[in-house]
Amino acid sequence: MKLPKSLAEFTDRSRVFDVVNPAVRSPKLDTSHGTILYLEDITVSFDGFRALNELTLYIHAGELRCIIGANGAGKTTMMDVITGKTRPDSGTAWFGQSIDLLRLSEPDIAQAGIGRKFQKPTVFEQHTVFENLELAMAGDRRAWKMLFARLTPAQRADIDEVLNVIGLTEHRHRQAGALSHGQKQWLEIGMLLMQKPALLLVDEPVAGMTPQETERTAELLLSLAGRHSVVVVEHDMDFVRSIARTVTVLHEGSVLAEGSIEQVQRDPRVVEVYLGEQA
Amino acid sequence: MGEHSMLSKLLRSERGSLVFLAILFVIGVGMPLANLLLPASSALHPSTYTLGLVGKYMTYALLAISIDLIWGYCGILSLGHTAFFALGGYAMGMYLMRQIGSRGVYGDPILPDFMVFLSWEKLPWYWHGFDMFWFAALMVLVVPGALAFVFGWLAFRSRVAGVYFSIISQALTYALLLAFFRNEMGFGGNNGLTDFKEILGYDLQARSTRIGLFVVSAIALGLGYVLCRWIVTSRFGRIIAAIRDSEGRTRFIGYRVEHYKLWLFVISGMLAGVAGALYVPQVGIINPGEFAPLNAIEAVVWVAVGGRGTLYGAVVGAVLVNYAKTYFTVAWPEAWLYALGTLFVVVTLFLPKGIVGILQRFRRSES
Ligand SMILES: Nc1ncnc2c1ncn2[C@@H]1O[C@H](COP(=O)(O)OP(=O)(O)OP(=O)(O)O)[C@@H](O)[C@H]1O
Ligand SMILES: [Mg+2]
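In order, the protein sequences belong to chains A and B.
Sequential numbering from 0 applies to the first sequence in numbering that gives the first Met the number 0.
Sequential numbering from 0 applies to the second sequence in numbering that gives the first Met the number 0.
Hints listed in this document are in silico derivations from the structure and should not be mistaken for laboratory results.
The reader is advised that the hints may include incorrect statements.
Stated by the list, open to error - List time: in silico DMTMM-like cross-link candidates among lysine to aspartate or glutamate, alpha-carbon distance up to 20 Å:
{"no.": "1", "chain 1": "A", "residue 1": "Lys-119", "chain 2": "B", "residue 2": "Glu-246"}
{"no.": "2", "chain 1": "B", "residue 1": "Lys-324", "chain 2": "B", "residue 2": "Glu-297"}
{"no.": "3", "chain 1": "B", "residue 1": "Lys-352", "chain 2": "A", "residue 2": "Glu-124"}
{"no.": "4", "chain 1": "A", "residue 1": "Lys-84", "chain 2": "B", "residue 2": "Asp-244"}
{"no.": "5", "chain 1": "B", "residue 1": "Lys-55", "chain 2": "B", "residue 2": "Glu-183"}
{"no.": "6", "chain 1": "A", "residue 1": "Lys-144", "chain 2": "B", "residue 2": "Glu-257"}
{"no.": "7", "chain 1": "A", "residue 1": "Lys-84", "chain 2": "A", "residue 2": "Glu-53"}
{"no.": "8", "chain 1": "A", "residue 1": "Lys-195", "chain 2": "A", "residue 2": "Asp-107"}
{"no.": "9", "chain 1": "B", "residue 1": "Lys-352", "chain 2": "B", "residue 2": "Asp-107"}
{"no.": "10", "chain 1": "A", "residue 1": "Lys-84", "chain 2": "B", "residue 2": "Glu-257"}
{"no.": "11", "chain 1": "B", "residue 1": "Lys-352", "chain 2": "B", "residue 2": "Glu-365"}
{"no.": "12", "chain 1": "A", "residue 1": "Lys-84", "chain 2": "B", "residue 2": "Glu-246"}
{"no.": "13", "chain 1": "B", "residue 1": "Lys-352", "chain 2": "B", "residue 2": "Glu-257"}
{"no.": "14", "chain 1": "A", "residue 1": "Lys-195", "chain 2": "A", "residue 2": "Asp-157"}
{"no.": "15", "chain 1": "A", "residue 1": "Lys-84", "chain 2": "A", "residue 2": "Asp-40"}
{"no.": "16", "chain 1": "B", "residue 1": "Lys-196", "chain 2": "B", "residue 2": "Asp-107"}
{"no.": "17", "chain 1": "B", "residue 1": "Lys-121", "chain 2": "B", "residue 2": "Glu-183"}
{"no.": "18", "chain 1": "A", "residue 1": "Lys-119", "chain 2": "A", "residue 2": "Glu-203"}
{"no.": "19", "chain 1": "A", "residue 1": "Lys-119", "chain 2": "B", "residue 2": "Asp-244"}
{"no.": "20", "chain 1": "A", "residue 1": "Lys-84", "chain 2": "A", "residue 2": "Asp-46"}
{"no.": "21", "chain 1": "A", "residue 1": "Lys-195", "chain 2": "A", "residue 2": "Glu-218"}
To be verified - Calculated Cβ distances over 10 Å to all of chain A for the following chain B residues:
{"no.": "22", "residue": "Val-18"}
{"no.": "23", "residue": "Phe-24"}
{"no.": "24", "residue": "Met-30"}
{"no.": "25", "residue": "Ser-41"}
{"no.": "26", "residue": "His-44"}
{"no.": "27", "residue": "Trp-124"}
{"no.": "28", "residue": "Leu-177"}
{"no.": "29", "residue": "Ile-238"}
{"no.": "30", "residue": "Ala-240"}
{"no.": "31", "residue": "Asp-244"}
{"no.": "32", "residue": "Ser-245"}
{"no.": "33", "residue": "Gly-247"}
{"no.": "34", "residue": "Ile-252"}
{"no.": "35", "residue": "Ala-323"}
{"no.": "36", "residue": "Phe-343"}
All figures in this text were calculated on a predicted structure; none of them were measured in a lab.
Heads up, the beta-carbon is just placed ideally off N, CA and C, and yes, glycines get one too.
Please take these sequences and the hints and turn them into a complete structure.
As structure tokens, then:
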């Protein structure tokens with residue numbers, strides 16, 4: 000009989016339990032070498048199928064990077080690895096020089112400074128727009144503290160500012176579930192801003208947006224670069240062209256090409272596997 | 000507070016809360032007064048028996064609130080909450096047993112009758128301290144709280160959720176049921192603890208004591224309600240609702256979901272323990288039957304019938320279903336389980352928001 004996984008963990012004699020170890024306070028983010036994210040030889044397989052295949056990728060501090068690739072290239076899986084949702088079979092993932100992402104849980108990674116916008120917009124539908132932003136707000140997240148938490152005027156002002164940036168000031172008291180698809184996308188971006196992350200992972204931000212909304216999203220993301228590092232996954236090539244400085248092309252779980260948008264578009268392999276399909 | 004949104008939300012649900020607290024106050028003060036002042040011949044005179052019945056319902060209502068707190072607001076469906084209720088009840092029962100002193104059938108000043116009957120020489124270590132009320136009262140909180148903590152810690156950190164959680168919580172209460180049935184456990188086995196005489200020196204059969212217990216139950220229900228209301232309207236409350244709606248998402252914005260669930264579960268377990276502790280002196284007995292998985296399911300049905308996620312809905316459900324049960328078990332005992340099952344199916348299919356949901360719909364269509 001096979002033991003359930005959690006039980007089997009207890010029978011593993013070679014394992015040192017977390018409770019025995021002194022708590023490791025996660026160290027501060029250190030980007031003194033100019034790189035905020037190091038992914039090296041990351042492999043993820045699902046039942047033998049390699050969604051990521053020895054992927055190696057570096058993101059510089061303050062850069063805005065676009066990642067493109069056909070459906071199933073592994074873009075979302077890559078974000079899953081970075082945010083702790085999926086553990087890779089092999090490889091290393093470091094946030095700056097000091098934080099080993101593979102040792103941290105999802106909330107730890109979020110608190111260390113990585114924020115994520117999901118491909119499918121996921122906001123808290125039963126909560127109001129205001130409450131969604133309040134929940135995402137950076138700060139103490141210990142359970143007992145939250146019983147007594149009150150918004151300070153500064154925090155309120157922060158939320159107001161983000162409401163303004165995402166253009167939802169009028170909708171602040173509406174239930175998030177009642178928003179349009181585009182508005183939900185914006186709200187999720189707003190939640191990302193409230194978290195004040197050092198690294199933003201943005202999965203298909205303009206899907207379902209009108210051209211005007213798309214343009215505003217491009218402006219917003221551009222304005223974030225510099226102070227934050229931003230990784231954007233997007234299929235919309237016009238959008239990518241309007242914001243990208245460096246583009247990485249993923250194909251079958253590894254990097255196919257990297258460079259400026261012109262370089263990448265001229266690359267024959269890229270033309271063959273990706274851009275060719277669209278033409 | 001999240002500005003107007005929060006405020007209006009609070010007020011909207013607060014109207015129900017105000018109504019509930021007002022009714023509770025009227026009952027909590029009015030019934031004892033009517034019992035004492037009106038002549039027994041008056042139609043408005045509630046008998047001491049009725050008082051006891053309503054007092055018992057109030058402890059059920061407290062149990063229902065504790066279930067709604069985790070189920071309605073955080074999506075944790077515990078089918079073993081009677082474990083905490085019964086443990087609180089046993090802690091109180093042990094105190095009441097020790098109060099009997101040498102008035103038991105065997106007249107032993109220290110050992111309860113069932114221990115003498117089993118020819119035990121001395122009191123088991125875990126019975127010490129229960130002769131003091133403050134200690135027993137502390138245990139009413141500590142024992143269910145500790146069990147909730149250990150159980151919740153194991154379950155939530157391995158991310159056991161949904162129906163799996165419900166099943167193992169059911170297994171928990173069943174395991175306790177079997178354990179408490181055993182004479183060697185030292186809790187009176189099959190018969191449990193009963194034949195109580197006094198509480199804090201007051202005769203349990205006396206009308207004044209019964210009224211006292213009734214009033215204390217009303218106060219406990221009111222305080223428990225306010226505590227839960229305060230929790231669910233705090234930011235903590237918004238976070239647990241976020242966990243209920245999208246657990247993964249809540250993790251990705253940096254909340255340690257396990258901790259939130261765990262603390263909520265512990266608070267809920269302790270509330271259920273208090274309910275059990277107030278239940279026992281009013282019904283005069285606690286036996287392993289209180290751990291029965293069926294009881295736990297019944298308590299969940301109360302909340303579903305009343306309407307979950309409102310707290311007062313849980314109270315409404317607990318009172319109505321128990322009233323129906325009291326009626327059925329006298330008029331038509333064998334039908335009760337079928338009636339309960341039918342009720343549950345009907346509510347789940349047609350009234351997802353329970354009775355409170357119907358009332359809300361009426362009010363909305365009026366305005
Ligand atoms: N949990 C899973 N179990 C099995 N296979 C999976 C799982 N998640 C992803 N995959 C597979 O891994 C591959 C990579 O998926 P991924 O979602 O990363 O692609 P993507 O580049 O984000 O594609 P898209 O552009 O469609 O969003 C796909 O073939 C997908 O079917
Ligand atoms: Mg994807």
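Below or equal to 20 Å on CA atoms is what counts here, so check Lys-352 of chain B against Asp-107 of chain B.
-> Outside the cut-off at roughly 54 Å; violated.
Just double-check Ala-323 of chain B for me: nearest Cβ-Cβ distance to chain A has to come out over 10 Å.
-> Answer for Ala-323 of chain B: holds, closest chain A Cβ roughly 31 Å.
Would the pair Lys-84 of chain A and Glu-257 of chain B pass a check requiring their Cα atoms to be no farther apart than 20 Å?
-> holds, 16 Å
Can we confirm that no CB of chain A comes within 10 Å of the CB of Ser-41 of chain B?
-> It holds; Ser-41 of chain B is separated from chain A by about 47 Å at its closest Cβ, greater than 10 Å.
Over 10 Å to the closest beta carbon of chain A is the bar; see if His-44 of chain B clears it.
-> Given a closest Cβ separation of 44 Å, the condition holds.
Are the Cα positions of Lys-84 of chain A and Asp-40 of chain A separated by 20 Å at most?
-> holds, 18 Å
Just checking, Leu-177 of chain B versus chain A, shortest CB gap more than 10 Å?
-> holds, 21 Å
Taking only the CA atoms, is the gap from Lys-84 of chain A to Asp-244 of chain B under or equal to 20 Å?
-> Holds, at about 18 Å.
Do the alpha carbons of Lys-121 of chain B and Glu-183 of chain B lie within 20 Å of each other, as the hint requires?
-> holds, 13 Å
Is Lys-195 of chain A close enough to Glu-218 of chain A, meaning Cα to Cα at most 20 Å?
-> holds, 18 Å
Within 20 Å, alpha carbon to alpha carbon, are Lys-144 of chain A and Glu-257 of chain B?
-> The hint holds at about 15 Å.
Separation of Ala-240 of chain B from chain A, once the least beta-carbon distance is taken, above 10 Å | Given a closest Cβ separation of 6 Å, the condition is violated.
In this structure, the hints that do not hold are numbers 5, 9, 13, 29, 30, 31, 32, 33 and 34, in rising order.
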